[in-house]
Structures are given as C-alpha cells and as structure tokens.
Amino acid sequence: MAIHYDLKDLERWEALVSEQVAEFELDCYPQEFEICDHVQMLGMMTYHGMPAHYPHWSFGKSFEKTRTLYDYGVQGIPYEMVINSNPCIAGLMRDNSLALQILTMAHVYGHNDFFKNNITFAHTQAEHVVARFKAHADRIRSYVEDPSIGASGVERILDAAHALSFQCNRNQQIKRLGLQEQKERKIKSSLLTDEDLGRLHEQLVVEPDENILMFIRDNNSALLEWEKDILTIVHEEALYFQPQMETKIINEGWACFWHREILNSLDLPDEIYLEFLVRHNQVVRPIPGDLNPYNIGLTLWDRIEEKELGYARRHAEEPISPEVREKLFEIREVDRDASFIRRFMDRETLEKLDLFVAEPQDSDWIVTKIARDDEWKEIRGLLANSVGLGSIPRIFITDMNTSSTNTLYLEHEYDGRELEANYAEKTLEHLYSLWRHPVSLSTNLNGSEATYLISEDGAALQRGVMDDEFHIYHYGLDI
Amino acid sequence: MSAIFRPYSPSDSQQSDRSSGDRQRHREKLREALKENIADVISEQSIIGRGPDSIVKVPIRGIKEYRFVYGQNQPRVAQGNGDTEPGDQVGKIKKEGQGEEGPVGDQPGEDYFETDVTLEELVEIMFEDLELPDLEKKPLRVLETLGARKRAGTKRAGVRAHLDKKKTAKNRLRRKLIRDRQQETPIDPGEEESFSFDKRDFRYHRRKPDIKYQSNAVVLCIMDTSGSMTVMKKYLARSFFFLLYQFVRLKYRQTEIVFVAHDTIAKEVDEDSFFHKGEAGGTKISSGYKKALEIIEERFHPTLWNIYAFHCSDGDNFSEDVPLTLKLAEELCKKSNLFGYGEIKPGGVTSWGVSMSKNFEKLTSDNFVTLQITSKSDIWPKFKAFLSKEREPLELEEG
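Just so you know, the protein sequences line up as chains A and B, in that order. With the working numbering as the guide, the letters of the first sequence map in order to residues 254 to 732. With the working numbering as the guide, the letters of the second sequence map in order to residues 12 to 410.
Among the clues, some could well be false.
[To be verified] Among chain A residues calculated to face chain B with C-beta under 10 angstroms, some are:
#, residue
1, Val292
2, Tyr300
3, His301
4, Ala305
5, Pro308
6, Ser311
7, Gly313
8, Pro340
9, Ala404
10, Asn548
11, Glu579
12, Leu672
Hints in this document: simulated from the structure, not taken from any laboratory. Glycine included, each C-beta is placed from N, C-alpha and C at the ideal position.
All chains, please: the whole structure from these sequences, using the hints.
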C-alpha cells in the first residue's frame, strides 16, 4: 500500500485530526510527533520513549531481543510510541502508509488525553519528565565516570535496585504517613500497655511498608550517598512507569475508541478508509490463548456506551452523543485496569470476549471455567487481580530487628499464587546486597508456610513453621 | 494549537544508535555466561572438527533479571475463539528451558540468545579461566628458529624503510649548531633560512638475524578403533582429543597432531578415518603405543618437541598384552610431557576396576593420568583434572 505522501500531507491531516479532537472535547497536552525509522523506534522502545536515559546492560538486552524478534518476523514494530509528558512526545514510523499515520495520530491523541486526565498519572509531573530523566542519566553517568565508583560499582547497585523497583507503593493517591504519625495513629487507635508503648518508640516499622528501596535508603546507614541516589532514581522512574502498567487495558481501549471515532468523523477517501478498517481490525482483534488489551479495553468502553445509550451505536453512521461522552470522561478520570474490569466487566461482556480460566494439568493448560457458567464472577475476579501491578507479588516490610543483627522481616501477601522460588532467592540476594544484614521473607509454598532466610552464610529456605520439622536447603551465594 | 512535527533525518538515525554501549555490556555478560556453560557448549557435536575461523552459533541462556514473580503453575485468564468449553486443552506447559506457550502471562520465561562466535574465540573463552601452566618454560623443549631480524646499531647507507629518523634529525641539528657557532653574526631567528638535511646526516638501522626460541608441540591421539568402540564412545573420545588439541595449540607456536588408530595392529591415519572408519575384531593396546613410540622416534624427537599423548579405549585388552602395554606406556611417559589414558564407558561404570585402568594403577610415573569418561558432561571437568597434572611438577620447580 504505497501511498506517497510528505510532511506537508501529514501536517494537513494532523490539522484535520486535531480539529476533531477539539470537536470531541478531548483535553490534551500539546502534541509533538517525531518521524523515525525502525532503528530509532527500537531505541525508543528500549528506553521507554525517553529521549535521554541512564545506561544499563538490561537495555542492551531489551534492544537485542526486540530487534531479533523483529528481524525474524515474530513481532512487528509498533506504528507509534507515545510517552506521558507535557508536551506529549510520540514517534511515528516513517514506513507507515498515510492511512496508518492518520490512524496513529488519532490514537496518540487518545493516549495524550488519557495521560492528562486519568488520576493514576496525577503524580507523574508530566511537564518535567523529560528533564528529570535527563538529570538522572547525567547523575548516573557521573558516577560511572567517578574512578572511585566506576561502571561496575554502578551496575551492582542498579542490578539490585531494578530487581526491587516495583516493590513500591501501589496507590500514589493514598498518602503514606510518616513514622511518627503512624505511631500516633497506633496509639490513638488501640489500647497499649506501657510495655507496648516502650517497644513502639523503638520500632522502625509500625505499619507494613511496601516501599522496599526507600526503606533501605532511609534505614541502612552504611549506604554511601551515591548508592542512595541510585536507589532514589530507580524508585522515581518506577513510580513514573507504574501508572502505564496499571492502565494498559483502559488506556489502549480509550485510544482505540477515539481513533475509530475520529477517523469515522473525517471525510476519508475510500482508499484510506478501507485501509483504516483493515488496520483497526488487526489491532483490536482477539488473540486466542492470550489477552489482547486493545480488544478487551475497546470492548469494555463500547459496552459502557451501549448501556448508557440503551443500544449499540453504529460508529460509522451516528456520532457519539455529548451526554454519553461526559459519562465516559468521568470514567477515564478515575479508573485503572483493575477497577475498570471490576466495575464494567459483566457476564455478557465476558461471554462476548470468550474469556476463560485455564489451569495446569500435567503438561497441558485445561479450561476449567467459562463465562457462560455461573463462575463468571470468578473469572472477572481473577482477571482483575492479575492485571497491572496485580502481576507483581505484593511484599511488605513488616518489621526490623533493631538489635545487632538488624534483620529485616518481609511478608509476601499470599493470595493463592506462589512465588517462583528460584527468582525469589535471587531477588533476595539482591535485597541482601543492598541491606547488608539478614533478610527474612515469609510466604507460602506447596500449601504451607515457608520462610526464606538470607544472611552472610547464604540463602536458606525453611519450610514449615517453628514447631514443625525444619527442612533447610542451602544455596550457594556470592555477593 | 497544532502539533509540532520533527521530520525524519537519516543522520539522526545514524547517531541514534544510543543503545550501543548497553548492547556492548550485555554482550560481555553473555560472554561470561557462555564461559559458565562452556561444558555444555563443547559437548555439542557441531563444534568439533571445524576450522578455527568457522562461526559457531551457540545458544546460551540469557542474562536473567530477577524480580519477585509468581510461579508458572497458576490459573490464568485468557481469551478463546468464541466457543471455548470446559475441559478444552488450550496450550502446553513446557519444562524449564523451553519457554512456554499457551495462555502466557508475565511468567519468568527462559530467555535464549543465540550468539555467533568463532571457534577461535570459543577456545579462548574456554581456556580463559583455566589457570594454564606456563608450558613454554620447559628449557629442553624449545627450538631455535630464525625469526625476524633485530636492530643492532646504525650504518650510513641503507634503504629508506630502515631510516633512523631520530639519529638523522640529531645529526642535522648538530651540523646546524656547528655552522651557527662558526658564523660571526648570529642569525636572526625571524629570518631563519631553511637548513635542509644533508646526505651526511642520514643514518640507517643495522640489522642482524635474530634467533627466536620457539616451542613446538605434538598431540598424539591414540584410539582403540576395534569393534567394541561404538559411535558414542568415539564421539566422547573425539571431544576429549578436540580439547587437548585446542589447548596445546593455544600454547605453542607450532602444533602438530597425529592420529594413531589401533585394534590388534596400529596405523597412523588421517583425522577423517580416525573418527569415522570402524574396525572389527579384538584389541591389542600395545600396538598403538608401539606405533606412537615409532612416530616419536622418527619425527618428534623429545628434545625438540613437547609431546602430549592421549589414549582412548573402552578398557578391553587381551590379557596377555598387558605386560607389554605397561612397559610401552612407561616408555611413552618418559618421552612425553603428559601421557593420559581415558577409559570411555558411556552409560556408567560396569567393569571399571577390572579393565585396563586397573592395570594402569601399577604405573607410577608423575606425568601419567588415567581418567574415566562416562558422559558428555564428564569431558570438561575430566579435562581440567587432566591438565592439573601438568601443573604439579611445574609448581614444584617454581616453588
């Protein structure tokens, strides 16, 4: 589909698209488009769209992997890459046909509107993002160039910090109280004996804390300033990316909903219109055996509209009503994937999407629950629990021994899903390398309580509770 | 307000390879990982018997980024074709190392990278962290060869390539200083006329032949090719010979390799028939050793050559041949730097102790080693053990 066009054509079409964006009252940051080739696009994907990013081997790995998948035709390169910043920056593949560029620009405006208005992004300070990442990169490079630290010193801390970066507060809207305030709250809320009070004063953990990197930074006095700074940088970047993980389905659905609406409202030549239909269907089709966030997101938004309207609108013929739009705008402000699914995924939608639960049996995945049966709520619950940060085990710091051992106690909030043991051990080694004192993590393995313990002697897994027989497995450890 | 477009510029695209440093570091880490998996790699059929420049594609386990993740066997939600029924099989669970298909979430799949290395590089990586004995110190085993010529002072005539620039420039300066002194009025530096080189200034390097001490080595591969040596046994033997040859080749400027195949009689053969042509019939190990000693006598005198001899067999030998075998083995020990006997018993230890290795217990030479190889995974550790024998006497020498 070689439709020749130049930058002038793009600008002309963009003007028409943004006219519709205004018409529909989408509320966007100023938009910037960069035309790039596939190498630049791979670079953007690798560094999450950031024009400047600190160096780490994992990005090299990510680049190689994406390129290999692309070279072998396993995975294409996206038509666009857009980041949450003000102004909003998006890369457009120059190989895209004109129809694809129009669709992509409209899609980007959908994301742009979502970034600006959804509450999960409220803390990201979009206007400073690019400068902040640049400053992080500069600082990390300065540590690399410092002869007393060097590349390997930086890498050691970055490796460990990356392993723990998403073990952080999951909801930025809930303000975490300071230690003193937590103590006051505890004193107010419960009857404490003098002994309890005495102990409370010494405690460094009152309420369970899931901010592992920040806890280590603030409580391990052995860390050097540059080490603390790297932990801060990695934590800040994780907080920036967190909302994108939390809103994959709702955000892609939103962008698809609006690109369809915008392109339907433009007076497209037949050739372009037909290609738009083909491309749109490619993007939003279901992927059997997997979950396509575009498909699920768009289906949910359509379902919400249908309920508001009382019937399924024919998108190409009838424009969206301003009242329904208002309702959709409200939802796009307050929901993230988990709440979006819990609130709007009804039995009918589940059936339409043919969502099912599969469980491992011997060496096969076997369907155990389907939406048509009465278990549809369980399917919805499982889906809502596994999207976004639901895919990352939730682990809290529950206590810290303030005596000489300085042992840090962690607890995995077990919800029926077990930790992958090998990954847990290796991640604990990273944690130990930052904390530098014993770390204990309690969880559940094969139906019974289990504790991983890591200290100078290496890592050990203790199965069973205190009174039971201890089975201790030792693992080699080099830190 | 309309959007800003930044047009594509190819030069940006050239510069935009900002991931190159990170890719470089990632590759270094892959190389380290390769080193750890080297035992698996060398037991791959495909790398043995190739030229040093040939490219080897090595699949290695990617560098993992560990995080807290959920285990693989958890229920998942996925999408169907529209008519999914309970009990449908919707994918297979694959074992560790194979990745996974079917309803895939964000599970810790295995990353595999295929990396291209030359065999040369691979060998280098293999031996990188094997504290190699410094073989070239052996005084008796060096050979004087006519190497490059060495500088020895200067002369007034010669070819331009041998011009001694420094000396020539000095000569010119000296001549100029003498002239300046002789002139009454000093020359104003601003009006300095050009003072060109003169034929008298030129000096050339004088060269003399340089005697270099070169060390030569020969690897004697002796193998039982009797009927009982199966393809698998030969393959294990071959892997070991491959390592030995690569190792020796790395340490000596000139390395030869000789193949001696034997059943009841021995002959020197080329590589191909050594590994691929099977013989039938019984075994007389002494015949192989006798042939090896003959070859040493004829072509590889021990004063000029470092000799590494290695014999692979499955341990069966005519019992009446044992005394002669032991005698010749002792002889071989005297002439070699290292003589090894590898008993190849794939599938485990059945007759270990009653076969040749038992007989070899009587052999007490310092540089004699027996090994047993039962599987591919034995090869690398056994090879390292073999080399450690080479190290011992040297440590004594130096200590």
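| Closest C-beta approach of Glu579 of chain A to chain B relative to 10 angstroms, hint status | violated (24 angstroms)
| Regarding the hint that Gly313 of chain A lies at the interface with chain B, is the smallest CB-CB distance below 10 angstroms? | Holds: closest Cβ of chain B sits about 3 angstroms from Gly313 of chain A, inside 10 angstroms.
| task | Report holds or violated for the interface hint on Tyr300 of chain A, using the least CB-CB distance to chain B and a cut-off of 10 angstroms. | result | OK, holds: Tyr300 of chain A within 10 angstroms of chain B, min 8 angstroms.
| message | Less than 10 angstroms between beta-carbons is the criterion; does Pro340 of chain A satisfy it with respect to chain B? | response | The hint holds - Pro340 of chain A has a Cβ within 10 angstroms of chain B, the shortest such distance being about 8 angstroms.
| Hey, does the His301 of chain A contact hint survive, CB to chain B under 10 angstroms? | Cβ of His301 of chain A sits 12 angstroms from chain B, so the hint is violated.
| request: Would you settle whether the hint for Val292 of chain A is holds or violated, based on the nearest Cβ-Cβ distance to chain B being less than 10 angstroms? | output: holds (6 angstroms)
| Regarding the hint that Asn548 of chain A lies at the interface with chain B, is the smallest CB-CB distance below 10 angstroms? | Holds, because the Cβ-Cβ distance from Asn548 of chain A to chain B comes to roughly 7 angstroms (cut-off 10 angstroms).
| query | Quick one, is the Ala404 of chain A hint okay against chain B at 10 angstroms, beta carbons? | reply | With a closest approach of 8 angstroms, the Ala404 of chain A hint holds.
| said: Can you verify the interface hint for Pro308 of chain A: is its Cβ closer than 10 angstroms to any Cβ in chain B? | reply: Pro308 of chain A check passes; min Cβ-Cβ to chain B is 5 angstroms, inside 10 angstroms.
| task | Verify the interface restraint on Ser311 of chain A: the C-beta must sit less than 10 angstroms from at least one C-beta of chain B. | result | The hint holds - Ser311 of chain A has a Cβ within 10 angstroms of chain B, the shortest such distance being about 6 angstroms.
| said: Please check whether Leu672 of chain A passes as an interface residue: C-beta within 10 angstroms of a C-beta belonging to chain B. | reply: holds (6 angstroms)
| message | The hint names Ala305 of chain A as touching chain B; please verify it with the least Cβ-Cβ distance against 10 angstroms. | response | holds (9 angstroms)
Hints 3 and 11 from the earlier list are contradicted by this structure; the remaining hints agree with it.
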